[in-house]
Amino acid sequence: MIRDLPTDASSEEIRRLQRRLDRERAARFEAEAIAEAGTLRLFEHQRRLELTQAIATAANSMEDPLEAFRFAVERICAHSGFTMGHVWTVDEASSPASMTSSGIWFTALPPDNAFALQTATLRIGHGEGLPGRVLAAGRAVWTEDITQEPDCPRVEAARLAGIRAGFAFPALIGEEPVAVLEFFQSRISVPDDALLEMLDRIAAVLGRVVERHLASLRLKRNNELAAQRDAAEQASEAKSAFLATTSHEVRTPLNAVLGLAQALRRERLTPRQQELTDGILDSGQMLMRLLNSVLEMSKIEAGEAKPVLANFDLTNTLRSIVSIWTPRADELCIDLELEMIGLAPGLVRSDRGRIEQTLVNLVSNAVKFTPPGAAITIRAMSTEHGARLEVLDGGPGVPEADRERIFRPFEQTQDGRSAGGAGLGLSICAGNVRLLSGEIGCDRDELGRSRFWFTCALSPSQGDADDSTETVETIKIRPGLRILAAEDNLANRRVLQVLLGPSEVDLTFAEDGAQAIEALRAGRFDFILMDANMPVMDGVEAIRQIRAEDLAGGAPIHMLTANVFDDDVTRYLAAGADGILTKPIQLIELFRVLASVPVLARAAA
Amino acid sequence: MKGVVFNLLEESVTRSFGPNVWDDLIEASGVSGAYTSLGNYPDEEIEALVAAASAALSLDRNAVLRWFGHTAIPVLAELYPSFFEGVADARTFVEGVNNIIHAEVRKLYPGAACPHFRLHAAPSGDLVMDYLSAREMCALAQGFVEGVAAWYMQPVEFRHLQCKQHGHDHCTFAMTWAGEAQRSVAA
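Taken in order, these protein sequences are the chains called A and B. Per the working numbering, the first sequence runs over residues 163 to 767. Per the working numbering, the second sequence runs over residues -16 to 170.
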């Protein structure tokens, strides 16, 4: 290389420079190697970051965890160069946790390869082979050669399928593995710590998909339950509405039967005919009571029943119930007594009708179950907020196991069935007592007698008694009062005619709303009775037109109908009704209203 | 030891004594002599180079390290001007050794095993520094501090309060900058 023969000094200088150059070159190569290794590390880091991000993005957008696992398996195989990936899922119900194959595979091998076939049959617990160790540790694990693992159940299958190195990591919810993803390749390889570290970070990301999935399943289940509940409530409402409608439909003709039977009873009859008529009346009334009970129960169940508060004397009420029941008790040779403890006479305020109905129900039951010669005691005592009423009978009592059940609708004991009840009496009592802010129950008294009891709240009375001593006979209706009654049902028209006949009123009938309007156009009336459900034009529509055209000429219009739920009443009043009379016709009520009708000018306006 | 320290040593020796002296030191110490700032090299190599310099200059190890530290600062300022930018005086520079200088070094050379200095202000106002390192190169630290003082032209009095070489478990220095007013230090 050196052409001219150098001097000693210059050749020494050249050697020195040569060494210096060698050092510089060595330093440069080293620096390049270090820089390249650094770049490579950076590149690998970047790839892991991209993979982590891709899996995280997919996991956030995927709803099905299996879909997210499949995506992760494919991407991790592509990233690591491992040729086979598979997912185990932890069986939620297992304790201690164990896993079975999810069926998710990523492999170029045929699906019926020995390794996959065996995997499908396995249930892996803590510490069993590679996936079992991940399940136990809750973090990524590497194996250099699966065929050398003493605890691996798939050694033989792995040999057959040519599988050697593997790694696996969990999907974690908190610290708990919910799945394990495993990867294999066909040659032995040393652990890649950076990869394992990255997989441990992905573990929680995949776990969140499972967590989200479980949360949405829970939500769905809750929604389904809510829908079922709504459907059940709708069905119950439909049932109540059906009961109310049916009861009404049955009540209209029954009303007529009773009214006509009452009218027949006033005719001159032979004793035999009278007896038969009484039979019709008794049975008809019994049917009416049953119908009312069903309607009442459906109202209570629909939450439509409301207490009707009035001022009354509870001691009087109790005495009259006893006096009503005494003849029946005497007939059966039963002794009926009333004991009042600390109950002062005087006015109180509560729902008298419900207290009466409840007590009468209990007394009627007591009469049914008490054998001749025994006694029934009605005991009333005052309590801090009201009263406690007890009915002690001489019957066998209710077995302890049945004591709650009997207050539910249509639940009866064997004895109750034999005695011929409908199974509604006590549940209506329970509903009544609930409205009265009281409690109801049955047990035995200190002497071992069967005892039904209930409590009710009583407030101090406000003002005068709402009791009335009026009777139909004492109410004076002006003779010749001109009444227009719109009623489509012939039997009901007949009933009205029969009941009002003795009062010498001037009764005109219309068979529907349109006829009523015609009648009003043609003449003057002092009072108008309007049925609700009629053909051609119903009562509400008729009232609306009468009001719109001012056809009533000052005559009050009262609905006469069995449909008296709150929203019905609101509808009637909105249309322009002055009042509402209920069917079956309460004679006193009807007479009272008719007696209060103002005298109108006789001449046409 | 980081390659950058070898580079600094080479540059310091070359600037002070010429490239031939560096060649001689390499030959005398039997090291490869090929150093890149990206690399890491055994501590024995810097010790061998220091020992060779010590023999050549008839100075003890501490004196060579102190000279090296002192001489390296202007070279450092040339190679890494950012270390000095915005640092107003010598004391501030020394106070920032952990948080500024070594933080920068770690950015450039991940994994660098920098020594840690515990700093606090003595009641007298002196800056007191505990030097915690396995390498026993307290003299190099002293040289660097003195080099910084010279760079800022703010002479420093550097005292070794205790020394690992004298049986203590670590070295402690106290530093007073000449003409410095009493000031409080956030160490």
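Worth flagging that the hints you see were computed from the coordinates, not collected in a lab. Careful: at least some of the hints might be erroneous.
Distance windows between CB atoms, simulated [to be verified]:
hint: 1; chain 1: B; residue 1: Thr75; chain 2: A; residue 2: His288; range: 41 to 49 Å
hint: 2; chain 1: B; residue 1: Gln148; chain 2: A; residue 2: Ile350; range: 48 to 56 Å
hint: 3; chain 1: B; residue 1: Leu144; chain 2: A; residue 2: Glu175; range: 45 to 53 Å
hint: 4; chain 1: B; residue 1: Ile83; chain 2: A; residue 2: Ala356; range: 29 to 37 Å
hint: 5; chain 1: A; residue 1: Glu194; chain 2: B; residue 2: Pro106; range: 52 to 60 Å
As the structure is a prediction and not an experimental result, all values here were calculated from the model. For glycine and all other residues, C-beta sits at the position ideal for the given N, C-alpha and C.
For each hint, the structure was consulted:
1. B:Thr75 <-> A:His288: 41 to 49 Å: About 59 Å separates the Cβ atoms of B:Thr75 and A:His288, which means 41 to 49 Å is violated.
2. B:Gln148 <-> A:Ile350: 48 to 56 Å: 51 Å, holds
3. B:Leu144 <-> A:Glu175: 45 to 53 Å: 49 Å, holds
4. B:Ile83 <-> A:Ala356: 29 to 37 Å: Distance hint for B:Ile83, A:Ala356 holds at roughly 31 Å.
5. A:Glu194 <-> B:Pro106: 52 to 60 Å: 53 Å, holds
In terms of the numbered hints stated before, the structure departs from hint 1 and from no other.
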